[in-house]
Amino acid sequence: MKDPYQNRRLVIGGIILFTGILYLIRLLILQVLDTSYKLSAESNSRQREIEYPGRGLILDRNGKVLASNEPVYDLMMIPRKTESFDTLALCSMLGIQRAELDKGIQSALQYSRYKPYPVVRQIDARRFAILEEQLFKYKGFYVQTRTRRIYPEGIASHVIGYMGEIDLNEIRQDPYYAVGDYLGQSGLELQYEKELRGRKGIRYQLVDVFNQVKGSYEGGRYDTLPEPGKNLLTTLNSELQKYGELLMTHKSGSIVAIEPATGEILCMVSSPSFDLNKLTGRERTRQFEALSADTLEPLFNRATMSRYAPGSIFKIVQALIGLDLGVIRPQTGFKCDKSLIGCHNHPEATNLKKAIQYSCNPYFYQVYRRIILRRQSSNIFTDSELGLADWQKKVMSFGLGQLLQIDLPGVSPGFIPGPEFYDTWYGRHRWAFSTIYSNCNGQGEVETVPVQIANLAAIIANRGYYYVPHFIRSIGEKGELPEVYRMPHHPDVNAAYYPVVINAMRAVIYEPSGTGRRAQVPGVIVCGKTGTVQNNQGEDHSGFFAFAPMQHPAIAISVYVEHAGSGGFWAAMIASLMMEKYLNGEVTQAEKEKMVLEYKQF
Amino acid sequence: MMLTGKNTLVRIDWLTVILFVLLTGFGWLNLFSATYDEGLPVSLFSFASRYSKQFYYILAALVIAFLVMITDGKVWGAFAYLVYGLTVGLSILVLFIGREINGARSWIILGPVSFQPAEFMKAGMALLLAKLLSRFDFKIHRLHNLFLILLFTGLPMVLVFFQNDTGTMLVFLALILVLFREGLSGYVLIFGGIAAALFFLTLVFPLSVFLPVITIIALLLTWLYQHNFKYFLWGVISFSLLFGTVFLVNRMTSSGWSYSRVFFVASLSAFFLWAILIYRYRLNSLYLFLFAWIGATLLIFSVDMVFHDLLEPHQQARISQLLGLVHDPLGTGYNLNQSKIAIGSGGFFGKGFLRGTQTRFNFVPEQSTDFIFSTVGEEWGFLGSLLVIGSFSGLLIRLIFLAERQRSVFSRVFGYSVVSILFFHFAVNIGMVIGLVPVIGIPLPFFSYGGSSLLTFTLLLFIMLRLDTSRYEVIN
Ligand SMILES: [Zn+2]
Numbered sequence: 011m012k013d014p015y016q017n018r019r020l021v022i023g024g025i026i027l028f029t030g031i032l033y034l035i036r037l038l039i040l041q042v043l044d045t046s047y048k049l050s051a052e053s054n055s056r057q058r059e060i061e062y063p064g065r066g067l068i069l070d071r072n073g074k075v076l077a078s079n080e081p082v083y084d085l086m087m088i089p090r091k092t093e094s095f096d097t098l099a100l101c102s103m104l105g106i107q108r109a110e111l112d113k114g115i116q117s118a119l120q121y122s123r124y125k126p127y128p129v130v131r132q133i134d135a136r137r138f139a140i141l142e143e144q145l146f147k148y149k150g151f152y153v154q155t156r157t158r159r160i161y162p163e164g165i166a167s168h169v170i171g172y173m174g175e176i177d178l179n180e181i182r183q184d185p186y187y188a189v190g191d192y193l194g195q196s197g198l199e200l201q202y203e204k205e206l207r208g209r210k211g212i213r214y215q216l217v218d219v220f221n222q223v224k225g226s227y228e229g230g231r232y233d234t235l236p237e238p239g240k241n242l243l244t245t246l247n248s249e250l251q252k253y254g255e256l257l258m259t260h261k262s263g264s265i266v267a268i269e270p271a272t273g274e275i276l277c278m279v280s281s282p283s284f285d286l287n288k289l290t291g292r293e294r295t296r297q298f299e300a301l302s303a304d305t306l307e308p309l310f311n312r313a314t315m316s317r318y319a320p321g322s323i324f325k326i327v328q329a330l331i332g333l334d335l336g337v338i339r340p341q342t343g344f345k346c347d348k349s350l351i352g353c354h355n356h357p358e359a360t361n362l363k364k365a366i367q368y369s370c371n372p373y374f375y376q377v378y379r380r381i382i383l384r385r386q387s388s389n390i391f392t393d394s395e396l397g398l399a400d401w402q403k404k405v406m407s408f409g410l411g412q413l414l415q416i417d418l419p420g421v422s423p424g425f426i427p428g429p430e431f432y433d434t435w436y437g438r439h440r441w442a443f444s445t446i447y448s449n450c451n452g453q454g455e456v457e458t459v460p461v462q463i464a465n466l467a468a469i470i471a472n473r474g475y476y477y478v479p480h481f482i483r484s485i486g487e488k489g490e491l492p493e494v495y496r497m498p499h500h501p502d503v504n505a506a507y508y509p510v511v512i513n514a515m516r517a518v519i520y521e522p523s524g525t526g527r528r529a530q531v532p533g534v535i536v537c538g539k540t541g542t543v544q545n546n547q548g549e550d551h552s553g554f555f556a557f558a559p560m561q562h563p564a565i566a567i568s569v570y571v572e573h574a575g576s577g578g579f580w581a582a583m584i585a586s587l588m589m590e591k592y593l594n595g596e597v598t599q600a601e602k603e604k605m606v607l608e609y610k611q612f
Numbered sequence: 047m048m049l050t051g052k053n054t055l056v057r058i059d060w061l062t063v064i065l066f067v068l069l070t071g072f073g074w075l076n077l078f079s080a081t082y083d084e085g086l087p088v089s090l091f092s093f094a095s096r097y098s099k100q101f102y103y104i105l106a107a108l109v110i111a112f113l114v115m116i117t118d119g120k121v122w123g124a125f126a127y128l129v130y131g132l133t134v135g136l137s138i139l140v141l142f143i144g145r146e147i148n149g150a151r152s153w154i155i156l157g158p159v160s161f162q163p164a165e166f167m168k169a170g171m172a173l174l175l176a177k178l179l180s181r182f183d184f185k186i187h188r189l190h191n192l193f194l195i196l197l198f199t200g201l202p203m204v205l206v207f208f209q210n211d212t213g214t215m216l217v218f219l220a221l222i223l224v225l226f227r228e229g230l231s232g233y234v235l236i237f238g239g240i241a242a243a244l245f246f247l248t249l250v251f252p253l254s255v256f257l258p259v260i261t262i263i264a265l266l267l268t269w270l271y272q273h274n275f276k277y278f279l280w281g282v283i284s285f286s287l288l289f290g291t292v293f294l295v296n297r298m299t300s301s302g303w304s305y306s307r308v309f310f311v312a313s314l315s316a317f318f319l320w321a322i323l324i325y326r327y328r329l330n331s332l333y334l335f336l337f338a339w340i341g342a343t344l345l346i347f348s349v350d351m352v353f354h355d356l357l358e359p360h361q362q363a364r365i366s367q368l369l370g371l372v373h374d375p376l377g378t379g380y381n382l383n384q385s386k387i388a389i390g391s392g393g394f395f396g397k398g399f400l401r402g403t404q405t406r407f408n409f410v411p412e413q414s415t416d417f418i419f420s421t422v423g424e425e426w427g428f429l430g431s432l433l434v435i436g437s438f439s440g441l442l443i444r445l446i447f448l449a450e451r452q453r454s455v456f457s458r459v460f461g462y463s464v465v466s467i468l469f470f471h472f473a474v475n476i477g478m479v480i481g482l483v484p485v486i487g488i489p490l491p492f493f494s495y496g497g498s499s500l501l502t503f504t505l506l507l508f509i510m511l512r513l514d515t516s517r518y519e520v521i522n
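As given, the protein sequences belong to chains U and B, one line each in that order.
FYI, in the numbering used here the residues of the first sequence are 11 to 612.
FYI, in the numbering used here the residues of the second sequence are 47 to 522.
If you are wondering where the hints come from, they were derived from the structure by calculation, not from laboratory data.
Even for Gly, the Cβ is constructed at its ideal location relative to N, Cα and C.
Possibly wrong hints are sitting among the right ones.
As the list claims (entries may be wrong) - Only pairs whose alpha carbons sit at most 30 Å apart, straight line, appear in this in silico DSBU-like list of lysine-lysine:
id : chain 1 : residue 1 : chain 2 : residue 2
1  : U       : K610      : U       : K252
2  : B       : K99       : U       : K91
3  : U       : K149      : B       : K99
4  : U       : K113      : U       : K149
5  : U       : K149      : U       : K91
6  : U       : K252      : U       : K48
Said to hold, decoys possible - Taking CB as the label site, the calculated pair distances span:
id : chain 1 : residue 1 : chain 2 : residue 2 : range
7  : B       : L429      : U       : T234      : 36 to 42 Å
8  : U       : S117      : B       : F193      : 52 to 58 Å
9  : U       : L34       : B       : K120      : 37 to 43 Å
10 : B       : A242      : U       : D184      : 37 to 43 Å
For reference, chain U alone in the conformation it holds in the complex (with noise of 0.2 Å):
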């Protein structure tokens, strides 16, 4: 038989042999010419596992635990292992609502159906000792511990910080973080992430596609064993942080306290305040959206962040220059002219230390005209020029209108307005002393934070010097003090002009007319100045400054309570409180302290 269609047989032939040569070239190119899938089967099966070391806490300057860690578990889900269960019984022992289960769960999907997911976080010990029994019936699920922060005080938010999750940019600029890290986010936590954090340790192991692990790779030859973060030994003194932070409830405002000889941070209270334990766990995210939304900025911390004008208690640095710079005397008196700027009724102030101690407002504006117009020229506008920036860098080196640095993120700098800023705000030589007499008492353009104001009182209770303000005694068992806080600053006013100025501080204690009578403290001779802070927001800022005991000061303190009236006040009772409490170790003004607690702004 004639079969007209046989030559086809090499048609469907040669189909089959193209199709093999074909598929031997991809294979050849897959196998032997690209490298590049040897390198992903080794990262698929090599599983470089890390080991999270403990952080390291956070102490007080008498060894008491402000911060430390505890174990919590995330529930790690693998969707393609995972078989039908019983979503409502799992939800009930996590304590969790079905919604939040299966957005974890649609997450993890997401993700990838093979790869183990957290769809749980931050379970606690006692919830997992219930789940611990009952997970052998959830196929596809386990648990993994992980650690996160505790805080057993409960005290010193602002200055301790609050830890996150790492995003992606930042992850981006520090390799060494991984997707899930946490990290410090604000505070000390932040500021010595690097030191606290400590080095994970990473072991390599053989693992399966379920991440089971099957062994160690080459032997455990390229492990490294994670190393504990360091503990950080801070300055707070935990007692008086507590009580200031007691006194400030149902306030806003501040209290910071120094140790003038070391620059070391006693306290400080930022008020409104929020409670770290309630920043860890599951609850993290609905509370901090909460703070962030609160009209009162419980996160924003006010003893470092807030900018006040100074108002009076700025007169100290007035009287300093114009005494370093001879435009005045201690026995300089000027009449109460309330022509030039207001005041209020008060005997003649006629020396220094009475003009101080009557927070006398014409007083000041003299003393600040003869800083500025000093006749350096015979131009009025080059005149006010030349002595505002010999000003400005006088009042810079008492530490203000700059950033201290502080070893806490976000300290604000404050302003001490210059030449430069007026001419911006004029033009050059279109100003003289008349625009900016305002600044003579502290108010004008003159802006500081808090901490600058107690440094301020540590300046003059060291007679002439400071240590930059810190919380760090030691990092680690032995840690060195950085050499920052080591060396002393000077500022640039003669040294033998501060004990007019200290004596005029206690006079505003204890003379009969002096603003501050409510910061005395039984036993104990104190020196401060009152400062009540006009703002366009309403009621003045009540402000105090004030160091004790006079001889051998062993704190410098500044209290701000906003919106609180007169300085000589809420601010001196609170001080006068808090020296009591640091220098007595006991409160005997009940009186003082009852009225303290008593008042209630919200």
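We have chain U already, so just place chain B with the ligand on it with the hints.
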């Protein structure tokens, strides 16, 4: 004649048997590697692991092969309709009593034995096609014959479609090779190929680029073919004018058509204009280009619609993945990506038996079934690939040779059916595993885990060998 009456085992085509043993043995070795668990060693003779089960399936397959060899070869011709009817019947039954595994409702479970009727239907189909085409009055281009073929092939395809097993459904399409061998016009193959090529090209290139390219190629071809620059020039000018007109009208009426739609309308207008001119001036040689061009344009435009409106999302995803249109190595592309990693990491010599990290640690899903070739690639390297592809190609070529030496149409058609089915499985499975074909779940013959498929391929192969041993008898 001379060999009649002698022992069939003497006349059996030993080359085919050797290739069968080689593929089955090597297949089992790889299946062992893919499913062996060091932590849980299972005796070969227990029934607890896939490799031990497959071992029994292989034994069963050998028994069946032996039974086929000692049975009279004529029974297959005699009972072709019956076997076809039986396998189709089982496939209907599975729709009612079948068990659903991995989304395909294609399993019948009888006590400890479970099997997929669709697999056996391939054997039934091969026998039926052989019977049908060997009828003495059969002429392939007769309409009612084509209709019969379509009916008998369509029935299993519909059944498999309802079992939700797209891969097996497509296997039956491979039988077009048999029809081609038996005289079906070669244009069917060519147009099928071109249509498939256009389908994929359309998905890779945006329509607004692809349509003009096709048009320019068509115009250039008329120039080359006619050696007449004038036609080309007029073609370009007239088309540009039409395109410009449609474009401006679209602009002015602000209908908001896309460029590809404007182009499509211009193409249709050009088609009618040119058709009239070609008819008027009797340029008959240009008809072919005109129709090919408009055909391609219509196809391209419809593919876009088909792809987006008719295909299921997961099918779209697999095709997009294959063409590199999306990159999602942890989602839809996971299988393929992991499979390529496993194969690619094998290198030239492979990592050695039981040494493949990707295989041992289960990185490739479905590795013991559809993705078994990734084990070959990883543990045996390019040499292993060469062995498998060489053996399959050799087996297929050998089967063509066997089919061609048959004197009965029945045996020859059956032989080509075996070739087509085997080739389709081989080409689609390995093509899928190395990323040249969309992910379609069909097993690699003699390698993939599964009794039904192994038995079916053994049956197909040995019926062919049995027919071959008695090739001189049947002619009388
Ligand atoms: Zn006065």
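Okay, the hints, checked on the actual structure:
1. U/K610 to U/K252: Cα-Cα ~18 Å, so holds.
2. B/K99 to U/K91: holds, 24 Å
3. U/K149 to B/K99: holds, 26 Å
4. U/K113 to U/K149: This hinted pair holds, its Cα atoms lying about 19 Å apart.
5. U/K149 to U/K91: OK: U/K149 and U/K91 at ~6 Å, within 30 Å.
6. U/K252 to U/K48: violated, 60 Å
7. B/L429 to U/T234: 36 to 42 Å: holds, 39 Å
8. U/S117 to B/F193: 52 to 58 Å: About 55 Å separates the Cβ atoms of U/S117 and B/F193, which means 52 to 58 Å holds.
9. U/L34 to B/K120: 37 to 43 Å: For B/K120 against U/L34, whose Cβ atoms are near 40 Å apart, the range 37 to 43 Å holds.
10. B/A242 to U/D184: 37 to 43 Å: Cβ of B/A242 to Cβ of U/D184: about 51 Å, so the range 37 to 43 Å is violated.
Hint check: violations occur at hints 6, 10; the rest are consistent with the structure.
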